[in-house]
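Undergrad: Read off the chains here:
Protein chains: 2
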Amino acid sequence: MSDAVTAVSQRANELDAADPLARYRDRFTLPEDIIYLDGNSLGALPKATPGAMQRVVEREWGEGLIRSWNDEHSGGAGWFDLARDVGAKIAPLIGAAPEEVIACDTVSINLFKFIWAALAHHRANGDANRTVILSEPGNFPTDIYMIEGLEQRGLARRRLAPRDRIAEALDNDVALLMLTHAHYKTGEVFDMAALTKAAHDAGALVLWDLSHSTGALPVDLGGANADFATGCGYKYLCGGPGAPAFAFAARRHHSTLSQPLTGWFGHARPFAFSDDFEPAPGIEQLQCGTSPVLGLTALETGVDLIAEIGVGRLYEKSRALSEFFLECVAAHGLDLDLVSPSDSAMRGSQLSFRSANAYAISQALIARGVIGDFRDPDILRLGFAPAYLRFADMAGAAGHLAQVIESGEWRADGFSKRAAVT
Amino acid sequence: MSDAVTAVSQRANELDAADPLARYRDRFTLPEDIIYLDGNSLGALPKATPGAMQRVVEREWGEGLIRSWNDEHSGGAGWFDLARDVGAKIAPLIGAAPEEVIACDTVSINLFKFIWAALAHHRANGDANRTVILSEPGNFPTDIYMIEGLEQRGLARRRLAPRDRIAEALDNDVALLMLTHAHYKTGEVFDMAALTKAAHDAGALVLWDLSHSTGALPVDLGGANADFATGCGYKYLCGGPGAPAFAFAARRHHSTLSQPLTGWFGHARPFAFSDDFEPAPGIEQLQCGTSPVLGLTALETGVDLIAEIGVGRLYEKSRALSEFFLECVAAHGLDLDLVSPSDSAMRGSQLSFRSANAYAISQALIARGVIGDFRDPDILRLGFAPAYLRFADMAGAAGHLAQVIESGEWRADGFSKRAAVT
Chain A
1166 MSDAVTAVSQ RANELDAADP LARYRDRFTL PEDIIYLDGN SLGALPKATP
1216 GAMQRVVERE WGEGLIRSWN DEHSGGAGWF DLARDVGAKI APLIGAAPEE
1266 VIACDTVSIN LFKFIWAALA HHRANGDANR TVILSEPGNF PTDIYMIEGL
1316 EQRGLARRRL APRDRIAEAL DNDVALLMLT HAHYKTGEVF DMAALTKAAH
1366 DAGALVLWDL SHSTGALPVD LGGANADFAT GCGYKYLCGG PGAPAFAFAA
1416 RRHHSTLSQP LTGWFGHARP FAFSDDFEPA PGIEQLQCGT SPVLGLTALE
1466 TGVDLIAEIG VGRLYEKSRA LSEFFLECVA AHGLDLDLVS PSDSAMRGSQ
1516 LSFRSANAYA ISQALIARGV IGDFRDPDIL RLGFAPAYLR FADMAGAAGH
1566 LAQVIESGEW RADGFSKRAA VT
Chain B
1166 MSDAVTAVSQ RANELDAADP LARYRDRFTL PEDIIYLDGN SLGALPKATP
1216 GAMQRVVERE WGEGLIRSWN DEHSGGAGWF DLARDVGAKI APLIGAAPEE
1266 VIACDTVSIN LFKFIWAALA HHRANGDANR TVILSEPGNF PTDIYMIEGL
1316 EQRGLARRRL APRDRIAEAL DNDVALLMLT HAHYKTGEVF DMAALTKAAH
1366 DAGALVLWDL SHSTGALPVD LGGANADFAT GCGYKYLCGG PGAPAFAFAA
1416 RRHHSTLSQP LTGWFGHARP FAFSDDFEPA PGIEQLQCGT SPVLGLTALE
1466 TGVDLIAEIG VGRLYEKSRA LSEFFLECVA AHGLDLDLVS PSDSAMRGSQ
1516 LSFRSANAYA ISQALIARGV IGDFRDPDIL RLGFAPAYLR FADMAGAAGH
1566 LAQVIESGEW RADGFSKRAA VT
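Chains as they are written, first to last, in the numbering used here: chain A, 1166 to 1587; chain B, 1166 to 1587.
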């Protein structure tokens, strides 16, 4: 072992000993012998979650039955309020007011609601020609795909501009600027306040996808004056596989918002069973079908834990982790092609490296118990969920990476290319 | 106790002793001292579900982490296949082929997809004027509401015709006939084959909402030549509160189907991360966002149990239960205003009664441990989930009902009107 490697290994132990968040690792279940660098795909399991699931399944569903929808019947379960309650808990993590966020549906569905809402907003303001939805090529696919259904019928036009050309693409046709705050592949972060202002100056509304930000980076939707946002419950919020998403609409839009998924849970009085839809006055209007109670319960447990740790401290540790990982890589003498911004202030809680052999390397790492991610066609993506990773994990992962690359271990048959997963 | 009441009480015991499904009650968790007549709102908890939830949460999520999405990584979890696998298990319950059903999103969202798909179908066939969505007034609200978003933009026109006038309302403007097979309030069942044929003869497609049928009544989508269907996972399928819904599209529509919620899980190759949407060729194209794994796992457990019991036997018992309940009511000399069809062959697994005091009566029954449902403005709805109810429950519930009404117990202060729940 070189002196440099010994030094970072020792430094890892010092950093862990001094880490104020170190104790939170024990609040998560993590398998032995695994270094988990994919919390940005699926967050780890909070130890409180199995108990919460048992409560909602056995007590609230099994014993409370239908009564658990109403507080007054269930002694506190209150499933009707769950979507709003979880939303209110997510709100402070993203700089929103509690009444501006609700947990519902998926990111994809929520994007669709807001794209429609932006088009409706401009029509209502006499500007029906604003039908362009502006995003960037290579945005997370579902974000771009959700424009296409409306494009089929001529309701929207898709425009993709590279991130350095977005400002000039904001012309009078743009209804909505729709961007992902931290890029899923590179982790590069947009200047939310500046781009929101640029869009507003051009007469457009703004929709932020916070899937790779929420729970890891500070987000200030209110400070940026953002219009709409949505994000994922199963990444840094540790809500479990396929957790419900959340939706944010700035309060100023509530009274005029129009979205097409007008299901009964978004009705002002769902149990009047009227033939005519009347949207709920507040953020509840963004609900559509019946709330997914089991998924919301797991999400709530994850959100509670992340909120307890605090986004400010998580962000600080996130930057320290990724910076230290790069130190470790350098100590091993690895010369990697970093595609993430080298300044930790400019990226999310991840590092991505370009390599023609990225898939095989990621598979060889998994075989060693280092679970990262591959992103087509050539990206090795390593996520550093700050709530439960140690500095020692950084040193360990860098060591494995060095061995995989230097030994040519990635060339082994079993690591050839096949489909991978977010 | 009158002779008639004694007789039905004794008869209940005989019927339970002879009931081939009696042993399945023990496969569900049911609270002591409760007669649960609301399984048509929220099905009871299968005893297998807590174990399944523990498996998916602690083993698949906690230990398997991101690997559990892929079969080859997880040793069998295979979350990617879950939506299709659960759909394939629901298929035989509704007369569909396994590759025609998928579990995803909510009933409301799936209705929206199919309304759009019907409109697109006619446009593609050069019949763009067919934009009327025909339903009946008083259909379950969300069914009607989901037309309204598209109506805002002139893409669809809503037409509601009373059920005895539907045939004549099927003119050349109708794109889609959208009906609920068993009515949520009255339980009245449509003749699926006849109405599907009438709609097809008039050039329209047909969408069936099976929320109050699936798992309790035989449904033959294939025999009826239906186009689209959706239904609820949390009623007779016992999938838990807010369970994912299912969506059916006849195989003949798969290659031309167009729906606007084009999320990444509906893509032919989600992990190619292409900027352009290309729908999956099969039923997977109806997926949108990431699969709700926790909800799907609970749903799968419920579906497995209902499929094991078998819809044919469930239907037979369902009819026997509701017929016996009416016998018990008659034995008590109660003269109730039945709004459900009196012929059990014409109704779903429920009986609904009209009373100006329906809300207070339902509350007084709940206070006695008989959980039924109130439906605005004046309906007492009693559901007879055949998988776990006994004939003795029928006799017991009728007895409580008689006491509540005859004693005037429902007039007590605590039972005054307030919001109720599906």
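Any given hint might turn out to be false.
Straight-line distance between alpha carbons at most 20 Å, and here's what the computed SDA-like set of lysine to any residue pairs gives [said to hold, decoys possible]:
1) A:Lys-1212 to B:Pro-1215
2) B:Lys-1212 to A:Lys-1212
3) A:Lys-1254 to A:Asp-1441
4) B:Lys-1212 to A:Ala-1472
5) A:Lys-1212 to A:Glu-1228
6) B:Lys-1254 to B:Glu-1223
7) B:Lys-1362 to B:Met-1511
8) B:Lys-1212 to B:Glu-1228
9) B:Lys-1212 to A:Pro-1215
10) B:Lys-1212 to B:Met-1511
11) A:Lys-1254 to A:Glu-1223
12) A:Lys-1212 to B:Ala-1217
13) B:Lys-1212 to A:Glu-1197
14) A:Lys-1212 to B:Asp-1338
15) B:Lys-1254 to B:Ala-1217
16) A:Lys-1212 to B:Lys-1362
17) B:Lys-1212 to A:Gln-1219
18) B:Lys-1212 to A:Lys-1254
19) A:Lys-1254 to A:Ala-1472
20) A:Lys-1212 to B:Pro-1383
21) A:Lys-1254 to A:Pro-1383
22) A:Lys-1212 to B:Asp-1440
23) A:Lys-1254 to A:Ala-1415
24) A:Lys-1362 to A:Leu-1320
25) A:Lys-1212 to B:Glu-1223
26) A:Lys-1212 to B:Arg-1220
27) B:Lys-1254 to B:Gly-1243
28) A:Lys-1362 to A:Arg-1330
29) B:Lys-1212 to A:Arg-1220
30) B:Lys-1254 to B:Glu-1228
31) B:Lys-1362 to B:Gly-1388
32) B:Lys-1212 to B:Gly-1243
To spell it out: a stretch of chain B is covered by chain A in this simulated footprint if at least three of its residues, at any positions, have a beta carbon under 8 Å from a beta carbon of chain A; those stretches are [unchecked claim]:
33) 1306-1312
34) 1421-1428
35) 1535-1547
If you are wondering where the hints come from, they were derived from the structure by calculation, not from laboratory data.
Glycine included, C-beta positions come from ideal geometry on N, C-alpha and C.
Undergrad: Hints broken by the structure, by number, lowest first?
TA: 2, 3, 4, 5, 6, 8, 10, 11, 13, 14, 16, 18, 20, 22, 24, 30 and 32
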